[in-house]
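One-letter residues, chain by chain:
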Amino acid sequence: MENIIELKKVTIDYNLKKYSLRAVSEVSLPIKKGKVTALVGESGSGKTTLATSILEVISSPGVVDSGEIIYFGDKVPFDITKLSEHELNAFRWKDVSMVFQGAQSALNPIMTVYEQFEETYRVHHHRLPKAKLVKQAKKKTIELLNFVNLDPDRIMPMYPHELSGGMKQRVMIAFSLLLNPKLIILDEPTTALDVIVQGYIFKILKRINVEMGISMLLLTHDIGVVAEFADYVAVMYGGKLMEYGTTRQVFKEKLHPYAKGLIESTPSLLSDIDQMKPIKGSPPDIRNLPHGCVFHPRCDFCMDICKTIEPVDHMLGDHLVKCHLVEEVDAR
Amino acid sequence: MNDTSAVKYNFIANLLEKIRKFFKNVVRVFFGNRRSAFGTSVIIFFIVLGVFGPFVFPYSTDISMLDQLLPPSWSHPFGTDLWGRDVFRQIVAGTSDVLAIAFLAAIFSVVLALILGMFSGIVGGVFDKFIMFLTNVFLTIPSLPVFLILAALFTVDNAVSFAIILSIFSWAGMCRSIRAQIISLKERDFIQICKVMKMSKGHIIFKELLPNVGSYILINFIIVMKNAITGSVGLMLLGVASFEPTNWGAILTSAKNNGALINPNSYMWLFAPILCIAIFQLGVIVLSKGLDDTLNPRLRVM
Amino acid sequence: MKKLIELKNINMVFSKRGTLLKSEKFFHVLKDINLDIYEGEIVALIGESGCGKTTIGRIVTGLQKPTSGELRYEGKNIYSFLKVGQEFDEYRRYVQFVQQDSYAALNPVRTIRQSLEAPIRTHYKHLNSRQVDEKLNGLMALVGLVPADQFLDKYPHQLSGGQRQRILMARALSLEPKLIVADEPVSMIDVSLRLSILKLMSDLNQKMGVVFIYITHDLSTARYIANKNRIVVMYLGEIMEEGDAETIINDPLHPYTQALISAIPIPDPDYAKLDKELPIKSMEMESLDKRTPGCPFYPRCLYADEVCLEPVDYVFRDKRRVKCCHLDKVPAFIPIRKLKEQNDNA
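Residue numbers (my numbering), protein chains in the order written: chain A, 1 to 332; chain B, 1001 to 1302; chain C, 2001 to 2346.
These aren't lab readings, by the way, just hints derived from the structure by calculation.
Certain hints may be false.
[To be verified] Okay, the calculated bits of chain B under chain C, using three or more residues with CB under 8 Å as the criterion:
id, segment
1, 1160-1168
2, 1211-1225
3, 1270-1284
[What the hints assert, rightly or not] Derived PhoX-like pairs: lysine-lysine, alpha-carbon spacing no greater than 20 Å straight-line:
id, chain 1, residue 1, chain 2, residue 2
4, B, Lys1024, C, Lys2154
5, A, Lys277, C, Lys2228
6, C, Lys2228, A, Lys203
7, A, Lys277, A, Lys33
We put the beta carbon where it would ideally sit given N, CA and C, even for glycine.
Chain A extracted, bound-state conformation (with noise of 0.2 Å):
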């Protein structure tokens, strides 16, 4: 299985004026290429960080320490981190283009949604001389919003605040597919949304990523879309990458406790009542983490070993766990 995108060993820093916080530390993550990839953490993990350093769009003061963003792409494979900012204008959007959590900022307010997708091909494409490229951008507009499911003559002069969330979301989605990416980053694309819309939304997702071929990359908290939608998890906690492996193996094994537990702690409509248990404690403060395993303070088969020394990352065929457990297991 090929891979669009390789993160090798990165590291994330926000340097503040008193002191910096680690926001990702040394982070390792393929992400396949045709496939989709949910990246799940709560509150501290560094997901957020971590993706929007692929687009390299980290929110100030956070910047790469150190460690390569390899993107494969036409042609020769590159280091997103070393490129500079001309190339970078170039490569977002066009190979990587991002969805971002609750579209209502994510529109510009005084441009009607024509307006916004013009501007971007226009940037894009400023070779092209103006008539064609007025026509290509009016062409390739409608169509994306027919592939959305949108009325193209009613969507595209209104302005963002006239549309409801579920709406904007889908006009955010047809946006990021404007130049054929070959990844999508999507940030909690449905948390706005109520679950009717949400099940729509990914249904319409799913084409693209099957019908298109384009990779996705799907930051999230909710397990169940997980399930669902996504071919391969990555799970992250205190900025560092717990679990990584196929949905199958990560849902079923349950190999780390931190997944293990969200799996247990997280109400479904099939999950059994009485059996459901609560993590302990709370989501680490990045400014103080624990030492030794970050999750230990919070893990039910917490050994003394995980409290002094940082588990290793240990890979079971395909499968990677960064747990002492797996360690013990494997040593017999």
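With chain A fixed as given, assemble chains B and C onto it according to the hints.
Below, chains B and C without anything else, positioned relative to chain A:
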């Protein structure tokens, strides 16, 4: 018996704790960052100068024409004026006056703005419309002609009346801003819950709403002080108000009217009050910027 | 069982003033709501945004007065109490509110101690400082925030979302209420913390008999908390289905409830392959100022016909009531487990 003395002890211990916390907070707010520390030091310097200065450097109004218009020297750091009087000591003597006017003007403006703004925001309706009409009037009428007219009608001969006049045009903007903040706070969840929990109106006003506008009031208090000084100097230069001859503005006016502009020896007579005013203003501006930093991030939503 | 709260024919209409070009608009947010809440139970109020569930919460807590209809507390009409009178005060104490956004619900410039003490001192004037302290410590222990001192002297922004939510719960409990309305209490909290907050509410209900009205759009958490209790499914200001939670979730009768349940993702990859068609016509919910006569779900219902444009009554069936005129046309819902079995056997 043991119980009551324990309660008394607890009460005193609590009180001491509260006082200690209060001072700790004051130090953090006023000296927390470089700007605040600088600004606060400047203001404290002038306060000390104003209170203790006249005792250390007493000023007498005796005229000594032999010493008129002397250039700066060790015995007369800022030289002398047309009547041989030491300019430095005049400035020291006038400091307390300047500070008093600035302080009073700020108090009048802030108190008026706070009362009307909160009333307007909380009660709404007809009162709100009327008070907003008033602020509109005071914001649009040009201040200078009004001052000239007032000066023609009344004599300004003490700090209080001067402060009142200066505060006439400073309260309106603050009032609107406070009203806007109150209106937005009223709809916030934590105020709504006060209604559900049947908290008294007094509690909501003084314990919930007021602390939230506290930082805004503090910062604007100093800004009004700064504006009051400039305003007072301006009015004195125009001859609209003039009383204590040791007031910096009066010194400046006197210097300008009595040839300090042309006599090369007396440049300090003109320059000294300007310098003092400028330093004070600088201190105030820097302090307000520093306070903005310390007070706001704590209140900013994450 | 004794009725604690009764909502009788509650209607809530908001109006938007017209201009020269547009006529005045009326938003009929709640239409003819009739609902009884009994002592000791938990009722989950479910629906998507715009269905009116939050408005019902605000009406029950007294923050909003309904345009018409009666709100009865222990049999007495609340709005017949004089605004300031012992009975209204009592009502205010006994019905409390826990909001969704725990950060906005706490005064940012007051410590937790100050925020919690204020209602206690207001309503229990006879308590001295030490007793108030004891009460505070007791409340913190009740919501699982120990040692109390670690939290009481902090400001809201210094605590995590889960901790703040517990404090909102503690504040609501401080007046010893009979009923707490919780409006999406866990939607803004990290997933790993949600279960413990839900468990807390469930425990409080069982141990102290506090009634909870749990408002949410998330049926999964509603299923957990309303276990062995009731759920109410709302759509566009009307109650579509209401009754025993387990029954409704396993065998939803109303087409809207069926659509809602089908849309919920299951966190189990084995079920992911099942192709679930959403039994609903369109994605867009109608706006509240343009209602169709009769059943509000008519425009999106797969089984609707002209009969649905007539006024619809409730049908009582199998531990619940359903607002649908021809349930016989609606096919039986195939629960997800059965669907999987069918799929596996095929």
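For this session: Could you grab the alpha-carbon distance between Lys277/A and Lys2228/C and see if it respects the 20 Å cut-off?
Result: Between Lys277/A and Lys2228/C the Cα gap is close to 19 Å, so the pair holds against 20 Å.
Problem set entry | Given hint Lys2154/C paired with Lys1024/B - CA-CA distance at most 20 Å | Distance of about 16 Å is within 20 Å: holds.
Exercise. Given as covered by chain C, does the segment 1270-1284 of chain B meet the bar of three residues or more with CB within less than 8 Å?
Worked result: Three-residue rule not met by the segment 1270-1284 of chain B, so violated; n is 0.
Exercise. Are three or more residues of the segment 1160-1168 of chain B within 8 Å, CB to CB, of chain C?
Worked result: Per the Cβ count (0), the hint is violated.
Exercise. Taking only the CA atoms, is the gap from Lys2228/C to Lys203/A under or equal to 20 Å?
Worked result: 33 Å, violated
Problem set entry | chain C over the segment 1211-1225 of chain B, status - at least 3 residues with CB closer than 8 Å | With 3 residues close enough to chain C, the hint holds.
For this session: Decide if the proposed pair is consistent with the structure: Lys277/A and Lys33/A, CA atoms, cutoff 20 Å inclusive.
Result: 36 Å, violated
Hints 1, 3, 6 and 7 from the earlier list are contradicted by this structure; the remaining hints agree with it.
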